[in-house]
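In case you want the letters, here they are:
There are 2 protein chains.
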Amino acid sequence: MANENSNVVFIGKKNVMSYVLAVVTQFNGGAKSVVIKARGKMISRAVDVAEIVRNRFVSDAKVGKISIMTEEVQNEDNTKSKVSAIEIEVVR
Amino acid sequence: MANENSNVVFIGKKNVMSYVLAVVTQFNGGAKSVVIKARGKMISRAVDVAEIVRNRFVSDAKVGKISIMTEEVQNEDNTKSKVSAIEIEVVR
Numbered sequence: 063m064a065n066e067n068s069n070v071v072f073i074g075k076k077n078v079m080s081y082v083l084a085v086v087t088q089f090n091g092g093a094k095s096v097v098i099k100a101r102g103k104m105i106s107r108a109v110d111v112a113e114i115v116r117n118r119f120v121s122d123a124k125v126g127k128i129s130i131m132t133e134e135v136q137n138e139d140n141t142k143s144k145v146s147a148i149e150i151e152v153v154r
Numbered sequence: 063m064a065n066e067n068s069n070v071v072f073i074g075k076k077n078v079m080s081y082v083l084a085v086v087t088q089f090n091g092g093a094k095s096v097v098i099k100a101r102g103k104m105i106s107r108a109v110d111v112a113e114i115v116r117n118r119f120v121s122d123a124k125v126g127k128i129s130i131m132t133e134e135v136q137n138e139d140n141t142k143s144k145v146s147a148i149e150i151e152v153v154r
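Line order of the protein sequences matches chains A and B. Mapping the first sequence onto my numbering, position 16 (from 1) lands on 78, and the numbers just tick up by one. Mapping the second sequence onto my numbering, position 66 (from 1) lands on 128, and the numbers just tick up by one.
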């Protein structure tokens with residue numbers, strides 16, 4: 063889904079508004095589409111970011127395709143764990 | 063999206079496998095579609111439930127439409143807050 067024209071914002075442990083600002087900045091720079099990606103517990107924050115951008119900052123933005131998947135991550139002890147992930151496309 | 067034939071599982075604070083079992087039970091009872099709903103921090107758990115059902119228990123199940131939205135909830139002091147929500151449709 064994340065085609066070459068998409069800008070990606072990966073959600074981590076910063077506060078929600080940091081990521082909202084990152085997405086809004088990409089739209090203000092001319093992006094037609096921004097993909098918000100997150101894993102594990104950050105998934106809820108990704109949804110918050112998409113909703114805040116759409117409702118408060120970029121009123122002509124719409125939620126596009128939403129995908130969920132399972133990714134494998136390597137732990138510090140070299141074992142592997144599975145973690146859920148989400149990709150939320152926001153288009154304007 | 064949640065049409066009348068859909069069965070709904072609302073994600074709360076129980077452990078993930080409780081909700082996986084609820085979804086699997088509905089499919090085993092003949093449901094063609096189950097909608098997993100969650101709000102706030104439970105959104106991540108909803109994605110886990112959908113992924114575990116699909117990958118481990120109901121191998122012919124696919125993720126259908128995923129919607130995100132903002133809902134208004136009433137606090138104990140009668141003020142209102144907004145909270146993000148998700149609906150994940152799983153179909154077989």
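Treat each hint with caution, since some may be false.
Repeated chains share a single entry, so a pair holds when one copy, or any two copies, can fit it.
To be verified - With a straight-line cut-off of 25 Å between C-alpha atoms, the simulated BS3-like cross-links for lysine-lysine are:
no., residue 1, residue 2
1, K75, K144
2, K127, K142
3, K94, K124
4, K142, K99
5, K142, K94
Quick caveat, the hints were computed from the structure, so don't treat them as lab data.
Outcome of the hint check:
1. K75 <-> K144: both (19 Å within a copy, 21 Å between copies)
2. K127 <-> K142: neither (29 Å within a copy, 30 Å between copies)
3. K94 <-> K124: within (11 Å within a copy, 29 Å between copies)
4. K142 <-> K99: For K142 and K99, the Cα distance is within 25 Å only inside one copy (20 Å; across copies 29 Å).
5. K142 <-> K94: neither (36 Å within a copy, 33 Å between copies)
Figure legend: structure checked against the earlier numbered hints; hints not met, in rising order: 2 and 5.
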